[in-house]
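Work out the full structure: start from the sequences and follow the hints.
2 protein chains.
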Amino acid sequence: MIPRTAIPKGVRVFTPEETARRRAVEGKLLSVFQRWGFREIITPTFEYLEVFEQPTGEDAGDQIFKFVDRQTGRLLALRVDITPQVARLVATTLRQAPLPLRLAYAATVFRYHEPRAGRQREFEQIGVELIGLDRPEADAEMIAMAVEGCQAAGLRAFQIDVGQAEVVRGLLNALQPAPAVRSRIVSAIRRKDPLELDLLLQEVPGDPGLLETLRALPQLYGGREILDQAARLHFPPASRAALANLAEVVTILENYEVAEHVILDLAEGHAFEYYTGVVFGAFARGLGYQLASGGRYDHLIGQFDYPCPAIGFTFDLERVLAALAAAESLPEVSGPDVLLIDFSPDKRAAHRLARLLRDRGLAVARDIIKRDLAGSLAYAKASAIRRAVILGSAEQPPETVLVHDLVTGTRRTLPLGAFVQTVAQGDSPWEI
Amino acid sequence: MIPRTAIPKGVRVFTPEETARRRAVEGKLLSVFQRWGFREIITPTFEYLEVFEQPTGEDAGDQIFKFVDRQTGRLLALRVDITPQVARLVATTLRQAPLPLRLAYAATVFRYHEPRAGRQREFEQIGVELIGLDRPEADAEMIAMAVEGCQAAGLRAFQIDVGQAEVVRGLLNALQPAPAVRSRIVSAIRRKDPLELDLLLQEVPGDPGLLETLRALPQLYGGREILDQAARLHFPPASRAALANLAEVVTILENYEVAEHVILDLAEGHAFEYYTGVVFGAFARGLGYQLASGGRYDHLIGQFDYPCPAIGFTFDLERVLAALAAAESLPEVSGPDVLLIDFSPDKRAAHRLARLLRDRGLAVARDIIKRDLAGSLAYAKASAIRRAVILGSAEQPPETVLVHDLVTGTRRTLPLGAFVQTVAQGDSPWEI
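The listed protein sequences derive, respectively, from chains X and B.
Following the working numbering, the numbering of the first sequence begins with 1 at its first residue and continues without gaps.
Following the working numbering, the numbering of the second sequence begins with 1 at its first residue and continues without gaps.
Honestly, the hints are just simulated from the structure, not real lab data.
Just so you know, nobody snuck in bad clues.
DEER-style ranges, computed between Cβ atoms:
id, chain 1, residue 1, chain 2, residue 2, range
1, X, A384, B, Q425, 36 to 46 angstroms
2, B, E399, X, D298, 31 to 41 angstroms
3, B, R411, X, L416, 54 to 64 angstroms
4, X, K192, B, A378, 43 to 53 angstroms
Beta carbons: idealized from backbone N, C-alpha and C, even for Gly.
Structure (structure tokens):
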């Protein structure tokens, strides 16, 4: 018997402190997106399963929470990925909208994977899609925004690993290994495992130059110079075009003055089957997981019968928060600004003062429980409230306000009239 | 065969315009809550079914979206109501937190009811819970916040209907009608159907004075004077205590100077089995549905083994938006502030100018597609972008900025240096 208070594995309730931190980081990321001209959309929490049943590179099918629609008998699925929902929106409601479209979202997605560090079964993605452009300028815009997002979130030491899905795909298409071997090769390249890769490639017949290039890929990781190293290797035309595309993107990123955060990684083929061009991931120093990831997916919207190139990426909020925690850079949060305590029997002065302070934007909780001043102050302190504003206590003359700063422990008694006037003028009442 | 673009009944995708309106109203409501000292929490989208399987007055069981947890085989349920989740949080994680607790939330809930005007199967609730106080001050705080929420959302003509669940419950407990008759009586009282009520009460034996009071209840609707009218009727002690409680709440609401928005309704017993005291609902003039509803539920948290009084209420965002639409008071929204168009081959000036404008808080989309100026301006206009800022076009001298206002159609050419300096100083570049 599970107690009624039990919470299912992999989901969480967030306390006021945790929620304030989440909203702070979410707001900073959405603000970056908004200032780059991206507009938020909202998608439904569940869909017909078919919307998500597409090759996504990851084996999403097993991860989907499914249930039966009681009325139609059809299978519904909790949102496992927001990008297909955006693709469907673009192909239907927004089909007549002028391109490019810049869309943003912040929403939780649901996956049945095993909970592990920074990964829940319900977790929030905060991302963007830039739709209708297949130019390197679009790729560079995404990567520059990922850099700015990391900075806005408060991360100091981070890097963006940038690859191009078509580099590896071009090589494999030219070599044509058996499908089972192919996926093991991809995995070995991504894990940068030269021994495993070498063993696998011994079984693959084909152009020795191309095989040599595949063997070299895990080492092609670094600054712009690795594109020069790559130029000396043997590539099929599709891979060469991908390298040329990557070089263009890097040039634009240099113009953006963000190239210092970018590491090229020719072995990067993240979520391989999904992406069709530039792919990238953001990492915090010393942490092995991606805080953000994305790439170009020029064929997805076409699956909704509206062929249209697109690129997008998303921050994983749980991982960003974990990275901020590891760097001791979580945003500081606190309780309401003021606990307003009124001991006089007629509470009208408290009502008016509360309204004035709130109109000024301050968060004012009223102490409407009956207790003594010491009790009220202990409550304020335990509730992370910065200041108590006290009316009508035995410790102050009539027509005064007693301001008790709970952080410094200092107290000041001020004339009620002057206090009210200061607040009404829009000035800070703490600096009278 | 349902097309892959189909959306399940009762859920929606919101376009950028719709989303901006939702976020605007949501932000205004959350801001009211925050300024009253309430702190947001986040609850999971699904729970073990048991969390929601409690008497809620409404027959929630049939409305719940259920599915099986693949690993435990237990039934999970999509969030049908946030209050039980808050109750569980208070009884567990926050059990040691000092009382009262002021908690807020904004989240979607899921109900299998038939979609009708302003009601979806996934819809957003924006609400608060005030936990740990059973005093009329707490009830009044909730109602005053409901008034302020309506005002902040932009509603002009609205009222809050306030009742007390124990008035009707006290009468019925004294009369003890058969359970089936009892629920029909409650329904007839709520619908203010005197004929039906009269027919039902003819079957009920008991004190004629109490029966007479029940018959009179649907007429007890109006200002404070109905409490005087009620004082002349025959009530059992529990109902009298409820009326005295209501009178205290009204007195405090008069002190809050919000009584003009309040209508007393002694027939109100909203979601009867759930609530244990004051109940209320917000209505817009001319619309028959509640924009917000709530009440006191002193027994719910106790079901999670932590007896604790509480009162809460929630706005239904879809209905608030419908009321704003009916009153032609929806918030105005627009696209990004600026489309930045750069025809020069080297885009570094555009990158820097975009960064400057964004640092100033402006939403700046860059036109990174290759097209002529007329095409770019048509795009800006269709995308609801207010201004185009143009660099390097054939229509302007070098080292200038051409500012094209798409609303007024006016154009100005400004020296690039002066424009940059104005923005860098934090002044508006539109008023040079």
